[in-house]
Each structure stands twice: as C-alpha cells, then as structure tokens.
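Please arrange chain B on chain A, whose structure you already have, making use of the hints.
Protein chains: 2
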Amino acid sequence: MKQALEGIKVLDLTRVLAGPYATMVMADMGADVIKIEAPEVGDDSRQFGPYIQNESAYFMSLNRNKRSITLNLKAPKAKELFIEMVKKADVVVENYRPGTMEKLGLGYEELKKINPRIIYAASSGFGHSGPYSKRAAYDAVVQAMGGIMSITGPKGGKPTRVGPSIGDVTAGLFTAIGVLAALNYRNNTGVGQKVDVAMLDCQVAILENAIARYVVTGEAPKPAGNRHSSITPFEPFETSDGEIMIAAGNDALFVKMCEVFGTEEWAQDERFKTNPLRTKHVEELVPLITEVTRTKTTKEWQDLLDKAGVPNGPINTIDKVMEDPQVLARDMIIEVDHPVAGHLKMAGVPIKMSETQGIVRTHAPLLGQHTEEILKELLGMSTEEIDALKKENIF
Amino acid sequence: MKQALEGIKVLDLTRVLAGPYATMVMADMGADVIKIEAPEVGDDSRQFGPYIQNESAYFMSLNRNKRSITLNLKAPKAKELFIEMVKKADVVVENYRPGTMEKLGLGYEELKKINPRIIYAASSGFGHSGPYSKRAAYDAVVQAMGGIMSITGPKGGKPTRVGPSIGDVTAGLFTAIGVLAALNYRNNTGVGQKVDVAMLDCQVAILENAIARYVVTGEAPKPAGNRHSSITPFEPFETSDGEIMIAAGNDALFVKMCEVFGTEEWAQDERFKTNPLRTKHVEELVPLITEVTRTKTTKEWQDLLDKAGVPNGPINTIDKVMEDPQVLARDMIIEVDHPVAGHLKMAGVPIKMSETQGIVRTHAPLLGQHTEEILKELLGMSTEEIDALKKENIF
Numbered sequence: 001m002k003q004a005l006e007g008i009k010v011l012d013l014t015r016v017l018a019g020p021y022a023t024m025v026m027a028d029m030g031a032d033v034i035k036i037e038a039p040e041v042g043d044d045s046r047q048f049g050p051y052i053q054n055e056s057a058y059f060m061s062l063n064r065n066k067r068s069i070t071l072n073l074k075a076p077k078a079k080e081l082f083i084e085m086v087k088k089a090d091v092v093v094e095n096y097r098p099g100t101m102e103k104l105g106l107g108y109e110e111l112k113k114i115n116p117r118i119i120y121a122a123s124s125g126f127g128h129s130g131p132y133s134k135r136a137a138y139d140a141v142v143q144a145m146g147g148i149m150s151i152t153g154p155k156g157g158k159p160t161r162v163g164p165s166i167g168d169v170t171a172g173l174f175t176a177i178g179v180l181a182a183l184n185y186r187n188n189t190g191v192g193q194k195v196d197v198a199m200l201d202c203q204v205a206i207l208e209n210a211i212a213r214y215v216v217t218g219e220a221p222k223p224a225g226n227r228h229s230s231i232t233p234f235e236p237f238e239t240s241d242g243e244i245m246i247a248a249g250n251d252a253l254f255v256k257m258c259e260v261f262g263t264e265e266w267a268q269d270e271r272f273k274t275n276p277l278r279t280k281h282v283e284e285l286v287p288l289i290t291e292v293t294r295t296k297t298t299k300e301w302q303d304l305l306d307k308a309g310v311p312n313g314p315i316n317t318i319d320k321v322m323e324d325p326q327v328l329a330r331d332m333i334i335e336v337d338h339p340v341a342g343h344l345k346m347a348g349v350p351i352k353m354s355e356t357q358g359i360v361r362t363h364a365p366l367l368g369q370h371t372e373e374i375l376k377e378l379l380g381m382s383t384e385e386i387d388a389l390k391k392e393n394i395f
Numbered sequence: 001m002k003q004a005l006e007g008i009k010v011l012d013l014t015r016v017l018a019g020p021y022a023t024m025v026m027a028d029m030g031a032d033v034i035k036i037e038a039p040e041v042g043d044d045s046r047q048f049g050p051y052i053q054n055e056s057a058y059f060m061s062l063n064r065n066k067r068s069i070t071l072n073l074k075a076p077k078a079k080e081l082f083i084e085m086v087k088k089a090d091v092v093v094e095n096y097r098p099g100t101m102e103k104l105g106l107g108y109e110e111l112k113k114i115n116p117r118i119i120y121a122a123s124s125g126f127g128h129s130g131p132y133s134k135r136a137a138y139d140a141v142v143q144a145m146g147g148i149m150s151i152t153g154p155k156g157g158k159p160t161r162v163g164p165s166i167g168d169v170t171a172g173l174f175t176a177i178g179v180l181a182a183l184n185y186r187n188n189t190g191v192g193q194k195v196d197v198a199m200l201d202c203q204v205a206i207l208e209n210a211i212a213r214y215v216v217t218g219e220a221p222k223p224a225g226n227r228h229s230s231i232t233p234f235e236p237f238e239t240s241d242g243e244i245m246i247a248a249g250n251d252a253l254f255v256k257m258c259e260v261f262g263t264e265e266w267a268q269d270e271r272f273k274t275n276p277l278r279t280k281h282v283e284e285l286v287p288l289i290t291e292v293t294r295t296k297t298t299k300e301w302q303d304l305l306d307k308a309g310v311p312n313g314p315i316n317t318i319d320k321v322m323e324d325p326q327v328l329a330r331d332m333i334i335e336v337d338h339p340v341a342g343h344l345k346m347a348g349v350p351i352k353m354s355e356t357q358g359i360v361r362t363h364a365p366l367l368g369q370h371t372e373e374i375l376k377e378l379l380g381m382s383t384e385e386i387d388a389l390k391k392e393n394i395f
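So the protein lines, in turn, are chains A and B.
Numbering of the first sequence is given in UniProt numbering, commencing with residue 1 and proceeding in unit increments.
Numbering of the second sequence is given in UniProt numbering, commencing with residue 1 and proceeding in unit increments.
By construction, these hints were calculated from the structure, which means they are not laboratory data.
A couple of the hints might just be wrong.
A pair holds if it fits inside one copy or across any two, identical chains being indistinguishable in the list.
[Claimed, not checked] Under the rule of at most 20 Å between Cα atoms (straight-line distance), these lysine-lysine pairs were calculated in the PhoX-like manner:
#1 Lys9 x Lys391
#2 Lys307 x Lys280
#3 Lys103 x Lys79
#4 Lys296 x Lys134
#5 Lys307 x Lys134
#6 Lys222 x Lys158
#7 Lys103 x Lys134
#8 Lys307 x Lys296
#9 Lys9 x Lys158
#10 Lys256 x Lys134
#11 Lys273 x Lys158
#12 Lys112 x Lys2
#13 Lys320 x Lys222
#14 Lys307 x Lys77
#15 Lys155 x Lys390
#16 Lys390 x Lys77
#17 Lys390 x Lys112
#18 Lys345 x Lys158
#19 Lys74 x Lys280
#20 Lys376 x Lys155
#21 Lys134 x Lys299
#22 Lys256 x Lys390
#23 Lys320 x Lys158
Extracted from the complex, chain A is given alone in its bound form (with noise of 0.2 Å):
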C-alpha cells in the first residue's frame, strides 16, 4: 500500500519520548524514519524496564517502523558521515537540551548551510528562547508548571499528574505537525525551516477552558473531580460490580435515561426538569441515580443505556481497553513480531486513511540493526570502507 509519507527521509536524533513519539508518527505513516544512536547504550529507553528477554517493551513500542544506525557524533569522522547525511535527508529531528547541536557543530545554522531545504525539528523541555531554554525537564516537571496538574485530580483534593507522560507525548505530536507544514511549505518553495516545539508551551495549549475560565471569572481553576461543572448528570456512578460513565448531555438524553431506569418522574420534578435545575440539585439527584445503578452490573447498564442512546461507559483499565470490540476493530492493539522478544502487542495507527493507511511495517530495530545498510544505501559506500571506519570505532 502506498503511504502518506512515502519518500520523506527523516535523521531522527531523539532519545527517550517526546522525539520518539513524533518520529514514530511520521514513520506509522511511510517516513524513512533513521535512528541515530550513540554506539553500545544508544536510545536511554533501551534501558527503561519492562522488559521481555531483556529487550525493553517501552522502547519497542516508541520505535517500530524505524531503522537504527549507530553513530559516535562526538568523532570528527562520523560528523562528516552525518553531515553527508543531512544531504540526503529531507528532516532532521532532535531532542536534546537547547545547545547541544551546535557544541557538536551540528545546530541549525550549520546544517542550514549544508542544506538548505531541511527541515529542523527540535524538541525540548521548555524551548530554544527565553530564561528557562537551557533547564532540564521531566515530563513531571512540565505538567507541574503548565496547569494541568492544578486541574487534575478528585474535588477538594491535591492537584494530580496525568498517569501517561502527557507532556511528552503532546510535544511529540505538535512536532510532528510542525515538520508537516514545514513540508508543505518547503513544496511550495523549495525552502526549509526549524521547528521550535517546547514542552511547557503544549501544556500551555491543551490547557482548554481553563484560561478562559481564570480569564472571566479571576478564579484560578481547582482540580474538578469527575463530575461536570455544569452538566448533570456527567459523572461516574456505582454500579453492582464497579462503575458507569454516565454523561447525560441534554435535557432530551436525560429522559431517555429516566426511561432506561423507570424513574421516568424525575423528568417531571421540578428539581430536575432542566439541566441548570440538576446542576443546582446534583448532591440530591446523584444518591437517586446511584441507588438505581447499584442495582445492575456495568455491563447491563452498557447495554441498556446504549440502546437508548444515551452516552456511556465502563471505566476501562488496560487489560480491558486492550480486549474492547471497538479497539479490536479499528486495528488499535496491533502485534509485532520480534526477533528476540517474540511477539508483542502494542497500540496501533490511530489515523485512518482511505488512499494511504498507515501500518506497522517493522519491529523496532535492534541497536544499530541498520548502519551498514543505510551508510550503503544513502552515501554509496563499500563494504570494505564501512570495514575500514569500523575500526575506527565511530559506530
């Protein structure tokens, strides 16, 4: 099958998550993705638990579709190895701490000169301008700085980290829509640039309502629970073996509830006849609707609200997320083969594409499973001259 990407030649420098997560987009969609490792450790998640047979299921499922070649960029001889490189590629995306490319000599202006079409793509913890460029990040630190934590977490409780790294993962992503209209831009004009995604910028940019809300009202938001501030009923409820996402949008879903729960008067009660009147009467409703929904399991309620159309869910964990009908049918838990760990199962390509969808083509590769093949491909060298620079011990 073709795919979207196809031809785009991308030197990704990345290490650990946030590159990673964008480069791993770009190659889920046909990119000629090409991991430059340091040579012997490379990647740092290679060394990130869990593991199966000692190769790391973190690092696995970041890296398929990608091809790894080592190189030592500290050795003046593998410079000129990667700067031959950037001639050939069309994105470079790296990760490291604001400066370390150009310390190697390989900063943007460097690469520029060489090539003027690439496109650079640099992902950090807090950007490549302003006081704090040079400071290191966690993903923990950004979500600690950005507001989501102080909007996450149960109501009157302690503000509450995402559980995924989303603070890497969104700088992943806006990376990768970054090199994707600085391509369509170098389309139209032969003309590179350099993306400048930062960390602490992204969570600035989901932040969502929040802004607005502090904006209006002057009151910095708290962390909201799982209840809607404003929608009733929209929350979590009891049921006899668990819980049930309940989220009655409107006036009309709530009566289709009533009805699901024979309660069809509550839709007469003044107390609850719109949806600003429930707002106001939530602490009496939801012991009304709890007392109804502790009498069935999550999975009848599922049934019997689906079939009224009323919006609703179990509250999944990963075990049952990864077993779930419609992630099975839309190929969202994919498995991979791999020569050493065996089969693995990993999240699949959420862009669903009719001409050019995007598939996982290859595990993720062992260290340096490529440098031969690319330094042959890609610079037209000689077995005997790749023997020859092995000894040199730049990969």
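Frame of chain A, contents of chain B only:
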C-alpha cells in the same frame, strides 16, 4: 510574514472542541479556515460559558483566525452552494456523528466525485467503522473507556478524569496530522482521501508505557499518584508555602540535590546511594526530604535547585502559568482584540517556526460575519444574487 499553510482552503463544519481544535491548529499556521455554521445558533459552543459581553470565551479562544459563514445545510440551495465551495477547497473537516454527512448527501463518497483532490477529515467519538461507530461520545466517556482514567489519580485512589478534555484535544491533534500528511500525499500525486480519527483510538494511542507494562506483567496498571514508580526522588514535596516538584532523574542529580540541601551524607548512605536503592527505601527518604523542603518557600527552593541544575518546578495554578516568565517569553499567552468582548487573553501558538511563524491574525468571527465576503470571493456571487438568496433563509 509568510505562513506554512498559506493558500490551503479549509471548509470547517466542526463544532465544540475536537474538530475546532484541529482547524485552529491549521488556521494558526495560515490555512484559510471557513467555518460553516447553522444560521441563528451557530457552533454549540457559542452558548458555552464563561461569557464576556454575552460572547463565549470558550468559543472565542478556539475559533480565532477563522472566518464564519452561515448555511442551513438541510436546504437544497444551501447544499448546492456548499458543493460549489467544495470544488474550490482543499480540505473539509467535520465532527458529526458518523452517518450525518451521508444523510445530508454530503458524505466523502459524494464529495470525492465533485472534487477528487479534496481531503475529507472526520473526527468522531468512536470512528467511522466498528460496532460502536454510530454511538455518541463525550470526552468523559472516551477518557473512561480508553484507559487514561484508570491510570490517573491518587495512589490507591479512584480513577480520575484528566482536567482538560484530553480526549477531544488529542483527537484534534491527530486529525491535523492526518490532514497534513494527506496534503503531502496530494502534493505528490494529486489524489485526495478521507481521514477518519476516533477519540477512543487516540486515547489508546497516548497510553504510553501502560500497555507495555500490562503486556509484560499481566497486571493492569492503577492510578499512580504523583510519584514516579521507578525513579526517586521524583514527586512533589511540601515547602513552607506550597509544594515543589523535584525530579532528580539520576544519581548525579541526587548528589546535586543533596548539596543544595546541605545533606551530602545522604549520597553516601547505604539506603540512598543508587536510584534502585532510593526507590526501595522511598518511604524513608521522602520524610527526610520533606523535613528540609518545609524550611523554605517554593520560590526559594526553585532558585537554589535551578542554580544547581536539578530539574524542578512549582505546581502552578492557571494564574501563575499566565504570568510565568518563560511562558510569556515564548508568547504563549497572547491578547486578542474582539469587537464585542474587548481584550481577551488566550493560549498562543506552540509551534515556533523560523520561516513561517504562526500568529493570531484575527479574533474569532461573529456568527456569519463573513457570509457575504466568502460568497463573493469564493463563488464570485454579486450583491444582488446574495440578497436574493437571503430571502430564501438559507443563511
């Protein structure tokens, strides 16, 4: 300044959040986004609080840089106009429930016949295939079903919804990525396509290492609280006036932290020498650290830890985020003039591009503000023709 997506014409049928977020990202980078709204009511989120002078701050922050035309797509004449517009457009984006566009006779299969170059992006709760396809979803439902709630929350506590509507926002980001990748393919081949993005799929795609952990251990991960499961110290600590996130990600950073604290002996302590040891003895280490951190303010610790290069940050509430020097230096809080609401602060553009920096050029449109302008410009209609149509109540 030139813009990366200049010249790309987007017909935007989206409402509320996931779709409008995707088209905002494109509009911020220069795409000409024409928001098509139902006459009189418009985008549902025009009715969402908080308000300034009766204008929704929520709507205004998501719809900057777009133009608005009203069209009653149920009227045959309006459909004709829409079809004429599709002939001139590059992209159509909608986030209706699957099947709605087909019912209107405006599904992808129809539009493709009219313009085979069109890129048709659909963002929905569950996607355009699979057993749940036709069901409605809200952010709370996909956060519940997709697993993110099950791994967010206080340690030992209940699953917790992420504060911002991350289900919508990530779907918006993946939709933008899909459209841009499809544009690249079209630039090479002249062929358009359908891009189908489900909120639920995107939740699975951002679970990060949770799937790997479950696959390897057979145990579904639980809410993890604010502490890192395998790095110590890596969590918020009490200060004299709040909390500070300290992320000493390796042994060298731990030594630096101890130097700042004046507790160099910890680095020699048999319980705390290495990260695995610190993680094993976390219950002993955390009270010791807290005893120290309680002695100064968050700001004081921040300055000291920054100077030593130890990653750290305050847990900012939204008011603090909006006055953070780095956030301001990166133009991540901007002010937009609105003709009714006056000055409004909102999040800036997180993708920093050296050649084509995205900017907020215009405030969110009033309902139908550009109807006449767009009909003239795009379809070459005269004032007389437009006046005649006005009488038919199609916009």
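Now the hints, each set against the structure:
For the identical chains of this complex, Lys9 and Lys391 are neighbours neither inside a copy (28 Å) nor across copies (55 Å), given an alpha-carbon limit of 20 Å. Neither within a single protomer nor between protomers do Lys307 and Lys280 lie at most 20 Å apart by alpha-carbon distance, with minima of 29 Å and 50 Å respectively. In this assembly of identical chains, Lys103 and Lys79 lie within 20 Å of each other by CA distance solely inside one copy; the values are 12 Å within and 58 Å between copies. Taking CA atoms no more than 20 Å apart as the test, Lys296 paired with Lys134 passes in neither setting, with 55 Å inside one copy and 25 Å between copies.
Proximity of Lys307 to Lys134 under the C-alpha cut-off of 20 Å is restricted to the inter-copy arrangement: shortest distance 11 Å between copies versus 55 Å within a copy. Taking the closest pair of Cα atoms, Lys222 and Lys158 come within 20 Å of each other both inside a single copy (9 Å) and across two copies (18 Å). Taking identical chains as interchangeable, the C-alpha atoms of Lys103 and Lys134 lie at most 20 Å apart only when both belong to the same chain, with a minimum of 13 Å there against 54 Å between chains. In this homomeric assembly, Lys307 and Lys296 come within 20 Å of each other (Cα to Cα) only inside a single copy, at 16 Å, whereas the closest approach across copies is 58 Å.
For a Cα distance limit of 20 Å, the shortest separation of Lys9 from Lys158 qualifies neither inside one copy, at 45 Å, nor across copies, at 45 Å. Taking CA atoms no more than 20 Å apart as the test, Lys256 paired with Lys134 passes between copies only; the shortest distance there is 17 Å, against 55 Å inside one copy. Taking the shortest Cα distances, Lys273 and Lys158 never come within 20 Å of each other, neither inside one copy (34 Å) nor across copies (30 Å). When the C-alpha separation of Lys112 and Lys2 is checked against a cutoff of 20 Å, the pair qualifies only between copies, where the shortest distance is 19 Å, while the shortest distance within a copy is 30 Å.
For a Cα distance limit of 20 Å, the shortest separation of Lys320 from Lys222 across copies, 13 Å, qualifies, whereas the shortest one inside one copy, 30 Å, does not. In this assembly of identical chains, the alpha carbons of Lys307 and Lys77 never lie at most 20 Å apart, being 67 Å within a copy and 36 Å across copies at closest. Taking CA atoms no more than 20 Å apart as the test, Lys155 paired with Lys390 passes in neither setting, with 60 Å inside one copy and 49 Å between copies. Taking identical chains as interchangeable, the C-alpha atoms of Lys390 and Lys77 lie at most 20 Å apart only when both belong to the same chain, with a minimum of 11 Å there against 71 Å between chains.
Within a single copy, Lys390 and Lys112 get their C-alpha atoms no closer than 29 Å, and across copies no closer than 54 Å, so neither meets the 20 Å cut-off. Taking the shortest Cα distances, Lys345 and Lys158 never come within 20 Å of each other, neither inside one copy (34 Å) nor across copies (27 Å). For the identical chains of this complex, Lys74 and Lys280 are neighbours neither inside a copy (64 Å) nor across copies (36 Å), given an alpha-carbon limit of 20 Å. Taking the shortest alpha-carbon separations for Lys376 and Lys155, neither the intra-copy value of 59 Å nor the inter-copy value of 51 Å comes in at or below 20 Å.
Taking the shortest alpha-carbon separations for Lys134 and Lys299, only the inter-copy value of 19 Å comes in at or below 20 Å, while the best intra-copy value is 51 Å. Taking the shortest Cα distances, Lys256 and Lys390 never come within 20 Å of each other, neither inside one copy (71 Å) nor across copies (38 Å). For the homomeric pair Lys320 and Lys158, the shortest alpha-carbon distance between copies (17 Å) is at most 20 Å, but the shortest distance inside one copy (28 Å) is not.
Hint violations for this structure: numbers 1, 2, 4, 9, 11, 14, 15, 17, 18, 19, 20 and 22, all remaining hints satisfied.
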